[in-house]
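K.L.:
So the protein sequences, as listed, match chains A and B. Under the working numbering, the first residue of the first sequence is numbered 1, with each subsequent residue one higher. Under the working numbering, the first residue of the second sequence is numbered 1, with each subsequent residue one higher.
It is possible that some hints are incorrect.
[Said to hold, decoys possible] Footprint (simulated), chain A over chain B, 3 or more residues, beta carbon under 8 Å:
hint, stretch
1, 17 to 30
2, 113 to 121
3, 311 to 318
[Claimed, not checked] Think about it this way: if two alpha-carbon atoms lie no more than 25 Å apart in a straight line, the pair counts; the simulated DMTMM-like pairs of lysine to aspartate or glutamate are:
hint, chain 1, residue 1, chain 2, residue 2
4, B, K82, A, D38
5, B, K82, A, E165
6, A, K82, B, E84
Rather than coming from a laboratory, the hints here were simulated on the basis of the structure. Virtual Cβ for every residue (Gly too), placed ideally from N, Cα, C.
Protein chains: 2
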Amino acid sequence: MTAAPRELPPKVTVLSGGVGGARFIQGVQRLRERTGSDTEITVIANTGDDIWLHGLKVCPDLDTVMYTLGDGIDTDRGWGRKDETWHAKEELAAYGVEPTWFGLGDRDLATHLVRTQMLDAGYPLSAVTEALCRRWLAPAHGQGLRLLPMSDDRVETHIVIDDPESGERRAVHFQEYWIRHQAAVPAHSVVAIGADKATPAPGVLEAIAAADLLVIAPSNPYVSIAPILAARGIRDAVAQRSVPCVAVSPLISGRAVKGPADQMLATLAGGTSPKHVARCYEGLIDALVVDESDVLDLEGLGSVRPIVARTLMRDADARRRLAATALGGVPA
Amino acid sequence: MTAAPRELPPKVTVLSGGVGGARFIQGVQRLRERTGSDTEITVIANTGDDIWLHGLKVCPDLDTVMYTLGDGIDTDRGWGRKDETWHAKEELAAYGVEPTWFGLGDRDLATHLVRTQMLDAGYPLSAVTEALCRRWLAPAHGQGLRLLPMSDDRVETHIVIDDPESGERRAVHFQEYWIRHQAAVPAHSVVAIGADKATPAPGVLEAIAAADLLVIAPSNPYVSIAPILAARGIRDAVAQRSVPCVAVSPLISGRAVKGPADQMLATLAGGTSPKHVARCYEGLIDALVVDESDVLDLEGLGSVRPIVARTLMRDADARRRLAATALGGVPA
Numbered sequence: 001m002t003a004a005p006r007e008l009p010p011k012v013t014v015l016s017g018g019v020g021g022a023r024f025i026q027g028v029q030r031l032r033e034r035t036g037s038d039t040e041i042t043v044i045a046n047t048g049d050d051i052w053l054h055g056l057k058v059c060p061d062l063d064t065v066m067y068t069l070g071d072g073i074d075t076d077r078g079w080g081r082k083d084e085t086w087h088a089k090e091e092l093a094a095y096g097v098e099p100t101w102f103g104l105g106d107r108d109l110a111t112h113l114v115r116t117q118m119l120d121a122g123y124p125l126s127a128v129t130e131a132l133c134r135r136w137l138a139p140a141h142g143q144g145l146r147l148l149p150m151s152d153d154r155v156e157t158h159i160v161i162d163d164p165e166s167g168e169r170r171a172v173h174f175q176e177y178w179i180r181h182q183a184a185v186p187a188h189s190v191v192a193i194g195a196d197k198a199t200p201a202p203g204v205l206e207a208i209a210a211a212d213l214l215v216i217a218p219s220n221p222y223v224s225i226a227p228i229l230a231a232r233g234i235r236d237a238v239a240q241r242s243v244p245c246v247a248v249s250p251l252i253s254g255r256a257v258k259g260p261a262d263q264m265l266a267t268l269a270g271g272t273s274p275k276h277v278a279r280c281y282e283g284l285i286d287a288l289v290v291d292e293s294d295v296l297d298l299e300g301l302g303s304v305r306p307i308v309a310r311t312l313m314r315d316a317d318a319r320r321r322l323a324a325t326a327l328g329g330v331p332a
Numbered sequence: 001m002t003a004a005p006r007e008l009p010p011k012v013t014v015l016s017g018g019v020g021g022a023r024f025i026q027g028v029q030r031l032r033e034r035t036g037s038d039t040e041i042t043v044i045a046n047t048g049d050d051i052w053l054h055g056l057k058v059c060p061d062l063d064t065v066m067y068t069l070g071d072g073i074d075t076d077r078g079w080g081r082k083d084e085t086w087h088a089k090e091e092l093a094a095y096g097v098e099p100t101w102f103g104l105g106d107r108d109l110a111t112h113l114v115r116t117q118m119l120d121a122g123y124p125l126s127a128v129t130e131a132l133c134r135r136w137l138a139p140a141h142g143q144g145l146r147l148l149p150m151s152d153d154r155v156e157t158h159i160v161i162d163d164p165e166s167g168e169r170r171a172v173h174f175q176e177y178w179i180r181h182q183a184a185v186p187a188h189s190v191v192a193i194g195a196d197k198a199t200p201a202p203g204v205l206e207a208i209a210a211a212d213l214l215v216i217a218p219s220n221p222y223v224s225i226a227p228i229l230a231a232r233g234i235r236d237a238v239a240q241r242s243v244p245c246v247a248v249s250p251l252i253s254g255r256a257v258k259g260p261a262d263q264m265l266a267t268l269a270g271g272t273s274p275k276h277v278a279r280c281y282e283g284l285i286d287a288l289v290v291d292e293s294d295v296l297d298l299e300g301l302g303s304v305r306p307i308v309a310r311t312l313m314r315d316a317d318a319r320r321r322l323a324a325t326a327l328g329g330v331p332a
């Protein structure tokens with residue numbers, strides 16, 4: 001097989017949340033393989049969703065990216081391991097241990113055990129992630145794909161809600177808002193606790209500075225991307241870029257494929273049009289990939305150039321095509 | 001149902017290791033139920049087998065007793081949970097994490113997660129064990145059955161072996177000797193590391209002092225019972241008893257039903273006859289229950305009275321009969 005002419009930017013850095021971001025990056029990766037490109041892809045993943053459960057450190061977005069790219073994901077759910085069983089979870093519930101609303105699968109548990117033990121031994125999350133990726137990314141993708149946590153410091157995204165039981169306004173962990181309450185209560189605001197003191201993980205600012213193209217994956221602007229931008233220096237690094245930055249909207253006809261992005265945009269941004277998405281990234285993006293169903297709703301984007309595409313990532317081809325649009329559709 | 005006349009001693013305290021001890025205690029428990037007795041049974045379990053694996057505190061003997069009495073045990077293996085799966089173990093191996101020779105089942109993991117999290121929160125092992133037993137013992141057995149770890153302090157039984165690979169003499173954790181090397185290498189000596197500084201757990205000395213009958217379960221004298229006796233004050237408390245103490249030999253025709261007791265007695269006690277078992281408990285027992293197959297080999301027992309019985313605990317009836325022999329066959 002001969003390598004096709006290099007068409008992709010040599011270095012692409014992607015800011016990503018969980019399911020949507022992981023699927024998009026899988027598309028980038030497939031595009032890279034198909035074009036025979038040696039593009040270096042660096043993924044900076046949100047860790048604001050991270051949560052300690054049953055004494056274990058769980059990093060949903062890192063794991064979703066890792067499992068998706070390493071072909072270990074449950075493709076139907078979009079998260080967790082394929083061929084998963086839930087016996088430990090059943091037993092934890094039988095012990096009466098809270099919380100019962102978050103499901104750790106038996107296979108998935110191994111990841112959290114390895115991670116927690118390494119963290120306890122003093123390794124930073126970035127080193128742990130690198131070690132875990134030796135299993136998931138290195139065999140399939142060689143050195144061309146790196147996954148970095150946004151920070152080694154603890155950041156927790158909390159959502160201010162009115163508690164459905166007590167009626168009191170309180171801040172709950174994003175996972176509690178999303179998994180336990182199924183985002184059925186309005187999100188009054190989002191706070192990335194610890195972000196103001198969080199230092200970007202080793203390599204993060206360097207990957208932003210070295211990139212030929214920055215991409216914001218189709219992830220929730222409030223709970224997936226904002227926490228990354230909130231870590232010290234990351235927003236400034238993106239704002240001061242000398243290369244293009246393109247975001248992919250996570251909404252199709254104003255609806256999220258998965259997750260509470262649409263509810264949150266409606267409440268917190270005042271709407272779910274492309275302009276509302278673009279407003280979340282004010283000063284940070286040059287182009288916004290929007291779904292073709294939103295083609296009649298492209299007002300108010302200002303200097304952000306709309307790129308219209310089919311954004312539903314139903315299968316591998318759709319993911320690759322969306323990646324090609326995002327990576328090729330920017331002014332070079 | 002009317003209560004049968006009380007025939008069992010009101011308070012029985014049993015020193016126990018894992019599988020053999022657990023099955024024997026199940027027999028005691030069934031005897032208690034059948035006779036309608038309100039005998040209080042206190043089990044003091046060995047914790048010298050305990051091991052930290054993948055960041056989790058694993059207490060094999062406590063768990064074997066707990067699962068056996070709570071009907072959660074895999075009855076064929078004698079240890080671990082019934083209907084168990086091994087997915088987390090597979091995944092840990094896929095990460096290349098050592099050790100791979102110790103199998104933590106998915107259901108079993110939940111116990112270790114709960115335990116580890118409670119220990120991390122500052123609860124002593126005895127309080128953790130009490131909490132876990134609320135699930136396993138309380139529903140089935142009410143307040144009549146208590147399970148205590150011998151100590152809240154860390155004790156680890158190590159076995160001095162000649163390493164089969166390097167040939168060097170070294171001390172390995174009992175689990176490594178037994179599970180990894182399958183006891184296929186001679187045990188030169190046994191050291192209960194930490195035992196000299198270990199304080200008996202709350203209730204242990206009290207249960208020995210308050211007992212109307214002390215029982216040493218059919219467990220390995222060297223690695224199950226000796227570590228219990230080695231914790232500060234326990235050996236003295238048994239030696240200074242004013243009530244009978246009966247041991248049940250774990251050997252049948254000089255062979256262990258399970259575990260390395262026979263190899264260890266052969267090497268460390270010079271033989272596997274009843275007198276060699278009795279010698280392990282010198283000054284501590286008044287009677288020794290031996291299998292009927294050993295009836296021609298009862299010399300050298302000194303003041304220890306032999307009680308001959310069928311000791312193979314094949315089923316519930318056999319366990320109950322052996323318990324009846326041990327509890328009733330002592331001079332009251």
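K.L.:
What hint numbers does the structure not satisfy?
P.N.:
As far as the earlier hints go, 1, 3, 4 and 5 are violated by this structure, in ascending order.
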